[in-house]
Amino acid sequence: MSDEPTAREAAAAGLLGGDEATTRELLQSIVDVARTIFGAQAASIFLLDEETDELVFEAVSGRGEDILIGTRFPSSTGIAGFALVTRQPLVVDDLTDDPRFARDRARTTGYVPEAIVATPLLHDERALGVLSVLDRATDRPFGLAELELLSRFSTQAAIALDLLLHARTARAALAGDRDAALVGRLAALLQDEDKAAGRALLEALEQLLGGRKA
Amino acid sequence: MSVRPVPAWSLAPGETPTVEAPGSWRAAISKEWAIGGSRGAVDVCVVDSGVEANHPLVGPLASASAVVREDEEIRLVDDEVGDVCGHGTACAGIIRLLAPDCRLHSVRVLGAGAKGAGELILAGLRHAVEAGHRVINLSLSTTKQRFAEELHELADMAYFNRTVLVASAHNLPVSSYPWRFSSVISVGSHEDSEPLTWYANPSPPVELFARGVDVEVAWPGGGKLRCTGNSFAAPHIAGIVALVLAKHPELTPYQLKSVLHATASNTLAAPEERE
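Residue numbers (the working numbering), protein chains in the order written: chain Y, 1165 to 1378; chain G, -12 to 262.
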């Protein structure tokens, strides 16, 4: 049947769309671990919103955790913006000596760090966002090995962001198709627990609609 | 087994491999021969986020242009904005520190958003190459494959026009351009604090390592701060190249690469020629 792949895709997309919460947990876990390893005041993951060309806080650990999610700023400004457009990770210390930075930062987040490490989140050819660590512990060195360690996290974070984008795309696609959305929701329900009776009912319905012979 | 991560394109801390060059080269082409007492004005262009002119650590700019997008059209204009994020000023200050007599130029390609940044970088680099500057510093790269071919053409054009294109290698194990091309000098970081120390890499695509950790740099507003990253290693080599070219202006890019290789701190004479 020509409809069969479409239904399967919709169901799969529905399941994927339902995974946004899990992906968010993964992002949160990455920033929590990054913050712990570097003994930092905060760690954040920004997603590049390609529509508006802005960076958006998607996950925050530490300072600003409660208020910053969803906050936006232009994509090519600041240290995070620079890491994004140059595709280069960088470490900047003594930032409080830069009055422009301090003022802008205080206005957007209410917190002025002394030091930032920012690394771009690259997946395939795309730069999806930025991972940043603020005010790491100063009692241990931060050299090339530490930058490499953060880069490894950035690879994980980039994959997580890619999953998040897929989930949102799937959800947006489902929102535009009532039938696919219904199939997606039903498929998601079947995943919850043992729903053998429900599954049998749906299979019977499938036969009734001529989708598959018994 | 070591659990210490090894940098993708930087010099692993505490592990400096050696490279070899003919002993007669080592005798004739010393660091003193290459840069000792070097004076003279060489044109060096920083293609980056703009440069703050007259910063105490940067000094005057010979020219400042910006690549902008207006009505979907990419244009080159006089840069009246300066540095939009600080990075270009940091790179320019490093070059000025090493080559005080150079003529610094700025082409701003960043600041107009992440969207379409690749096209702006290409346009800015093309302008810098066509202007005929002897050295171009590019502490950025693109991961977009569709720009690779045009970047490759530009890198070759620079090479044949005797322009040395110095590009920072990626800190991440990803493919990006133009630093991977053999017609440019690609630079990763070492952890030493000496600005005139560079190492040759026996395992390309990164060719040289220069100072890139905890570097004091110029920052917009007349101040300075400390930065780490390959972005800051590349301008060290750009400054060193300016010194070499000021003293030996006849060198082509491939001869210059040979000089940098022969004079690197980890280059030894071939075993049979060692004392």
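A few of these clues could be false.
Using C-beta positions, here's what the derived DEER-type ranges look like [claimed, not checked]:
| id | chain 1 | residue 1 | chain 2 | residue 2 | range |
| --- | --- | --- | --- | --- | --- |
| 1 | G | Ala28 | Y | Asp1258 | 45 to 55 Å |
| 2 | G | Gly209 | Y | Pro1238 | 16 to 26 Å |
| 3 | G | Glu67 | Y | Pro1238 | 51 to 61 Å |
| 4 | Y | Gly1274 | G | Ala256 | 51 to 61 Å |
| 5 | G | Thr5 | Y | Ser1193 | 17 to 27 Å |
| 6 | G | Ser11 | Y | His1330 | 52 to 62 Å |
| 7 | Y | Asp1196 | G | Ser17 | 36 to 46 Å |
| 8 | Y | Asp1258 | G | Thr3 | 54 to 64 Å |
| 9 | Y | Glu1214 | G | Phe147 | 53 to 63 Å |
| 10 | Y | Gly1234 | G | Glu237 | 53 to 63 Å |
| 11 | Y | Thr1302 | G | Gly23 | 34 to 44 Å |
| 12 | G | Thr3 | Y | Glu1214 | 56 to 66 Å |
In silico EDC-like cross-links for lysine to aspartate or glutamate, where the CA-CA straight-line distance does not exceed 20 Å [as the list claims (entries may be wrong)]:
| id | chain 1 | residue 1 | chain 2 | residue 2 |
| --- | --- | --- | --- | --- |
| 13 | G | Lys211 | Y | Glu1184 |
| 14 | G | Lys102 | G | Asp143 |
| 15 | G | Lys102 | Y | Glu1218 |
| 16 | G | Lys244 | G | Glu259 |
| 17 | G | Lys102 | Y | Asp1258 |
The set of hints was computed from the structure by calculation and includes no laboratory data. Idealized CB from N, CA, C, for every residue including glycine.
Going down the list of hints, with the structure as the test:
1. G:Ala28 / Y:Asp1258: 45 to 55 Å: 32 Å, violated
2. G:Gly209 / Y:Pro1238: 16 to 26 Å: Distance hint for Gly209 of chain G, Pro1238 of chain Y holds at roughly 24 Å.
3. G:Glu67 / Y:Pro1238: 51 to 61 Å: For Pro1238 of chain Y against Glu67 of chain G, whose Cβ atoms are near 19 Å apart, the range 51 to 61 Å is violated.
4. Y:Gly1274 / G:Ala256: 51 to 61 Å: 60 Å, holds
5. G:Thr5 / Y:Ser1193: 17 to 27 Å: 42 Å, violated
6. G:Ser11 / Y:His1330: 52 to 62 Å: 60 Å, holds
7. Y:Asp1196 / G:Ser17: 36 to 46 Å: 52 Å, violated
8. Y:Asp1258 / G:Thr3: 54 to 64 Å: Violated - the Cβ-Cβ distance for Asp1258 of chain Y and Thr3 of chain G, about 29 Å, lies outside 54 to 64 Å.
9. Y:Glu1214 / G:Phe147: 53 to 63 Å: 37 Å Cβ-Cβ, so the 53 to 63 Å window is violated.
10. Y:Gly1234 / G:Glu237: 53 to 63 Å: 59 Å, holds
11. Y:Thr1302 / G:Gly23: 34 to 44 Å: Taking Cβ atoms as reference, Thr1302 of chain Y and Gly23 of chain G lie about 38 Å apart, which means the hint holds.
12. G:Thr3 / Y:Glu1214: 56 to 66 Å: 42 Å, violated
13. G:Lys211 / Y:Glu1184: 42 Å, violated
14. G:Lys102 / G:Asp143: The hint is violated at about 27 Å.
15. G:Lys102 / Y:Glu1218: Satisfied, since the Cα-Cα distance of roughly 9 Å is no more than 20 Å.
16. G:Lys244 / G:Glu259: Distance of about 24 Å is beyond 20 Å: violated.
17. G:Lys102 / Y:Asp1258: 29 Å, violated
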